[in-house]
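*Asks:* Following the UniProt record's numbering, the numbering of the sequence shown begins with 1 at its first residue and continues without gaps.
Quick caveat, the hints were computed from the structure, so don't treat them as lab data. Accuracy of the hints is not assured; some may be wrong.
Here are the computed distance ranges between Cβ atoms for each label pair [unchecked claim]:
| no. | residue 1 | residue 2 | range |
| --- | --- | --- | --- |
| 1 | Ala97 | Ala32 | 21 to 31 Å |
| 2 | Glu104 | Glu173 | 35 to 45 Å |
| 3 | Ala174 | Ala79 | 46 to 56 Å |
| 4 | Glu18 | Asp78 | 49 to 59 Å |
| 5 | Gln194 | Ala157 | 54 to 64 Å |
All figures in this text were calculated on a predicted structure; none of them were measured in a lab. Yeah, the Cβ is synthetic: ideal placement off N, Cα and C, and Gly gets one too.
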Amino acid sequence: MSLGWLTESTLLPKRPREIEDVGKATLVNMRAALYQSETAARQPESAQAALQAQARRSRQRRADPLAAGSNRGVGERDASSAAQERADEARAAEAMARKVALYEALSSGEPPDEKAAAHASSVVDFELKRLRGGDAQSEGQELERLAWEEAARREVADGRARDAEGGARRSHEAMAQETGAARASATDQRAKRQRALEERPGRSRYGYGSSHHYTYQ
1 MSLGWLTEST
11 LLPKRPREIE
21 DVGKATLVNM
31 RAALYQSETA
41 ARQPESAQAA
51 LQAQARRSRQ
61 RRADPLAAGS
71 NRGVGERDAS
81 SAAQERADEA
91 RAAEAMARKV
101 ALYEALSSGE
111 PPDEKAAAHA
121 SSVVDFELKR
131 LRGGDAQSEG
141 QELERLAWEE
151 AARREVADGR
161 ARDAEGGARR
171 SHEAMAQETG
181 AARASATDQR
191 AKRQRALEER
201 PGRSRYGYGS
211 SHHYTYQ
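All chains, full assembly: derive it from the sequences and hints.
*Replies:* Following this line, the structure appears as structure tokens:
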């Protein structure tokens, strides 16, 4: 006996209900997203990461349209800061190179030039260290080298701090000078107006003209 008819549905299929306010453009976007997902699934992980990053950037641009433009002042300040950092790093590298060259010259017994010798202010007796000899000399030289490198770093850091402090002080002094000049100009203008009022013809101290005469009965 066959009971296959029990597994069949007696309900008739209904007509699919249309979703309101959904046009063909939405369907196109959905199909594009589906195609992108299927393509990413077939590609290696690097390509998937690139597609995900591109999708994130697109979402961010749509979410914040004002961020698409760039602030010219911020960009200029960032460029100036980057240039200043590169200049500071170059000065630090140059100072470190001078320190290392001077140290190697002194440790090997070569006479350094006058400018380097005047800048060094070294308190290490290399002649005595060479006379003593031994492994302690190489260890001491390594410690001395590290100390010189640390001194160079401190010198560069102190120079940056002095430059920043000097810039702030100059800015404060310039602002104070501008404020003082503005106050002096305002005081001068008030004095000129007062003199002009006092020197006006036909005006007495109490504001009455000289042609007015009063008689008392």
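*Asks:* With reference to the structure, classify each hint as holding or not holding.
*Replies:* Evaluation of the provided hints:
Between Ala97 and Ala32 the beta carbon distance is about 58 Å. The supplied range of 21 to 31 Å is therefore violated. Between Glu104 and Glu173 the beta carbon distance is about 44 Å. The supplied range of 35 to 45 Å therefore holds. The given range of 46 to 56 Å is broken by Ala174 and Ala79, whose C-beta atoms sit roughly 24 Å from each other. The hinted window of 49 to 59 Å between Glu18 and Asp78 holds, with their beta carbons roughly 53 Å apart.
For the hinted restraint 54 to 64 Å between Gln194 and Ala157, the CB-CB distance of approximately 56 Å keeps it satisfied.
In this structure, the earlier hints numbered 1 and 3 are contradicted, and the remaining ones agree with it.
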